[in-house]
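Q: With the sequences and hints as input, model every part of the structure.
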Amino acid sequence: MLKRLLIAVFVLSLILALNGTAFSDVAPKSQYPLNPVVKINPNHARVNQVTDARPVQPTFKKDAAALAANKLPAWESGAVTAPPLDYFCDDIDYSAGAAYFWTIPDAYGDDLFNNRFTSEANFDCTLKVAWLLMYGTAMTGTPDMRVYLWDDDGFGFPGSKLDSVDILNASLPTSGLGWVSADFSTSPNAPAGGWVFSDGEQYHYGFTTIGGPADTLAIISDDATGPYAGEEISSENFGGTWGTMLNDWGLDVVFNITSELCCGEIPFTDCYTQDYAQNVAYIWRAPHPTYADEDYSMRFDVGGPETLVSVDVYVYDDGLDYGDDDVIITVYGDDGAGLPDEGNVIDQVTLTPGSYFAFPAVTTVPFNTIIDETFHVGFSSSAVFGSGKYETCVSSDGTDGTGRSASDFGGGAWVDFLSGWGIDVNFLIAANMCRDEYSV
Numbered sequence: 000m001l002k003r004l005l006i007a008v009f010v011l012s013l014i015l016a017l018n019g020t021a022f023s024d025v026a027p028k029s030q031y032p033l034n035p036v037v038k039i040n041p042n043h044a045r046v047n048q049v050t051d052a053r054p055v056q057p058t059f060k061k062d063a064a065a066l067a068a069n070k071l072p073a074w075e076s077g078a079v080t081a082p083p084l085d086y087f088c089d090d091i092d093y094s095a096g097a098a099y100f101w102t103i104p105d106a107y108g109d110d111l112f113n114n115r116f117t118s119e120a121n122f123d124c125t126l127k128v129a130w131l132l133m134y135g136t137a138m139t140g141t142p143d144m145r146v147y148l149w150d151d152d153g154f155g156f157p158g159s160k161l162d163s164v165d166i167l168n169a170s171l172p173t174s175g176l177g178w179v180s181a182d183f184s185t186s187p188n189a190p191a192g193g194w195v196f197s198d199g200e201q202y203h204y205g206f207t208t209i210g211g212p213a214d215t216l217a218i219i220s221d222d223a224t225g226p227y228a229g230e231e232i233s234s235e236n237f238g239g240t241w242g243t244m245l246n247d248w249g250l251d252v253v254f255n256i257t258s259e260l261c262c263g264e265i266p267f268t269d270c271y272t273q274d275y276a277q278n279v280a281y282i283w284r285a286p287h288p289t290y291a292d293e294d295y296s297m298r299f300d301v302g303g304p305e306t307l308v309s310v311d312v313y314v315y316d317d318g319l320d321y322g323d324d325d326v327i328i329t330v331y332g333d334d335g336a337g338l339p340d341e342g343n344v345i346d347q348v349t350l351t352p353g354s355y356f357a358f359p360a361v362t363t364v365p366f367n368t369i370i371d372e373t374f375h376v377g378f379s380s381s382a383v384f385g386s387g388k389y390e391t392c393v394s395s396d397g398t399d400g401t402g403r404s405a406s407d408f409g410g411g412a413w414v415d416f417l418s419g420w421g422i423d424v425n426f427l428i429a430a431n432m433c434r435d436e437y438s439v
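With numbering that gives the first Met the number 0 applied, the sequence shown corresponds to residues 0 to 439, in that order.
Worth flagging that the hints you see were computed from the coordinates, not collected in a lab. Beta carbons: idealized from backbone N, C-alpha and C, even for Gly. Certain hints may be false.
Said to hold, decoys possible - Computed beta-carbon distance windows for the label pairs:
(1) Asp143 - Thr80: 23 to 31 Å
(2) Leu319 - Ala65: 34 to 42 Å
(3) Asp89 - Ala412: 45 to 53 Å
(4) Pro288 - Thr224: 44 to 52 Å
(5) Gly409 - Gly210: 57 to 65 Å
(6) Gln347 - Gly177: 53 to 61 Å
(7) Gly238 - Val383: 36 to 44 Å
(8) Pro41 - Pro304: 17 to 25 Å
(9) Asn47 - Tyr271: 51 to 59 Å
Said to hold, decoys possible - Using 20 Å as the maximum straight-line C-alpha spacing, the simulated EDC-like pairs for lysine to aspartate or glutamate come out as follows:
(10) Lys38 - Asp399
(11) Lys388 - Asp316
(12) Lys388 - Asp317
(13) Lys160 - Asp222
(14) Lys388 - Asp323
(15) Lys60 - Glu75
(16) Lys160 - Asp109
(17) Lys60 - Asp105
(18) Lys60 - Asp222
(19) Lys70 - Asp105
(20) Lys160 - Asp182
(21) Lys38 - Asp51
(22) Lys38 - Asp415
(23) Lys70 - Asp109
(24) Lys388 - Asp324
(25) Lys388 - Asp320
(26) Lys70 - Asp222
(27) Lys60 - Asp109
(28) Lys60 - Asp110
(29) Lys38 - Asp324
(30) Lys388 - Asp325
(31) Lys60 - Glu231
(32) Lys160 - Asp110
(33) Lys60 - Glu200
A: So this is what it looks like as C-alpha cells:
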C-alpha cells in the first residue's frame, strides 16, 4: 500500500511539474525581471557620490611574524571537547578546532575580542551562557575577566553594550585549554524573561581583561579553514576601532566562543516578510541636498488580496541633521512600468519627530491595508529642498540588486535606481504581509 501511495504522489508531482500549475501560490510572482544582469554602472555621473555609512576598519595590518608566534603547540591543537552545557537546550559554535591563541592586551593594545552570533530564523531564542575556551599557559599575572553582551550595530560589529558578567581569576585555567562560562540568564541586568533574540537577529559575545598592566588573558581560535571562514564572525577592538580578524590579521579565524541558548519555534502563521536588502552600506537623504530626490521606494508583489500589516524602515542619524522632520511612509500602486504611480496613493503614514528611531533600531509602521496589486513603499520627509534639512534612509551596496528600487527626481518623476544613480541598491524597507486579511 505504501509503495502504491509513493508512486501516486510521484506521478501527481510529475504532472504538476509538466503542466506548470500549482494548487496555490507559495510566493508572490513578479511581473518584472528580478535579476538584472547590470547592478552597478561605474560610469554613471552619480555613482561615485553615494554616501557610505559602513564603519571604517583599521588600515594598519598586523605582522605575520606575530601571527606565527600565536600558533598553538601541536599537542594542544586540533579537535576541541565541547563545553559542558548548563541548560541542555541549544548552542551555537562557529569555530572549527583549536589552532591559535590570542592575548588581551597584546603588543598592539587590543583590548576586546568578540564573536557575532545570529539567532535561528523562525525561533525565539533566550540567551543562557557564553562559553569561552581560554588558554591558561599564555596568561600572565592574576587577571579577572569581564564578558560582554552587545547587540549588533547594523554592520556586523558590536553596537550597544547590553550586559556584562565578571569571572574571577580563580575560575580561569592556569595552564592548557579550559572552558570558562558566563551565565547571562542569572544576570541582575537581564530583563524579565531574559535576553531574547529572534528570527535572525544578531548579537555579540566578547571579553576583556580586568587587572593591571601585567595581567593578560588568552583565548583560543581555529585556523580559518572552518565552514564559517569568510563570514568575518570574529573581531577585535584595536585603537578604539572595531576590525575583523580578517581585516587586521589577514586570516579569518573564529574565536572558540559558544553561545548556549534555549529556543522555541515561533508559532506558524500565514504571515511573512518581503525584504530584499542583503547587506547595509549607503545612506540617502530625503530630500537629497544636491539632486533633490524627494522619495526613495521599493517594489513589492502579492499573489492575490493580502494584508500589508506593517512596514519596517530604518532612519539614519548622520550626526548632522536627524529627528526634527516628519518621516512619511507612502504606499503607492504600480504605474505598469515597475515604478510608483503618484496618482494611486493606497495609504500613507506620517511619523512625527520622536516617533521613529535611529539606526540600527528599526521603526515598524502599522498599516493593516488590504492590497491586491503590485505596490511600492516610499520613504520621504517633510523637509524642503534647499533648506538644508532632511531625514535619511538606508540601503544595501547594490550587489544584491533586484530592479525594485526607485527614486522621485522631483514632482513625481520616478526613475529606477540603476538608471538614476548607476547602482541597483535595495533599500532597508520591509513589507510585513499576511495572505489572509483575518490573520493580522
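Q: All the hints need checking, so say for each whether the structure fits it.
A: Structure-based check of each hint:
no. : hint                        : in the structure
1   : Asp143 - Thr80: 23 to 31 Å  : holds (25 Å)
2   : Leu319 - Ala65: 34 to 42 Å  : holds (40 Å)
3   : Asp89 - Ala412: 45 to 53 Å  : holds (52 Å)
4   : Pro288 - Thr224: 44 to 52 Å : holds (47 Å)
5   : Gly409 - Gly210: 57 to 65 Å : holds (60 Å)
6   : Gln347 - Gly177: 53 to 61 Å : holds (59 Å)
7   : Gly238 - Val383: 36 to 44 Å : holds (41 Å)
8   : Pro41 - Pro304: 17 to 25 Å  : violated (42 Å)
9   : Asn47 - Tyr271: 51 to 59 Å  : violated (37 Å)
10  : Lys38 - Asp399              : holds (8 Å)
11  : Lys388 - Asp316             : holds (12 Å)
12  : Lys388 - Asp317             : holds (12 Å)
13  : Lys160 - Asp222             : violated (28 Å)
14  : Lys388 - Asp323             : holds (9 Å)
15  : Lys60 - Glu75               : violated (27 Å)
16  : Lys160 - Asp109             : holds (18 Å)
17  : Lys60 - Asp105              : holds (14 Å)
18  : Lys60 - Asp222              : holds (18 Å)
19  : Lys70 - Asp105              : holds (15 Å)
20  : Lys160 - Asp182             : holds (16 Å)
21  : Lys38 - Asp51               : holds (17 Å)
22  : Lys38 - Asp415              : holds (12 Å)
23  : Lys70 - Asp109              : holds (18 Å)
24  : Lys388 - Asp324             : holds (8 Å)
25  : Lys388 - Asp320             : holds (7 Å)
26  : Lys70 - Asp222              : holds (9 Å)
27  : Lys60 - Asp109              : holds (13 Å)
28  : Lys60 - Asp110              : holds (16 Å)
29  : Lys38 - Asp324              : violated (32 Å)
30  : Lys388 - Asp325             : holds (11 Å)
31  : Lys60 - Glu231              : holds (16 Å)
32  : Lys160 - Asp110             : holds (15 Å)
33  : Lys60 - Glu200              : violated (31 Å)
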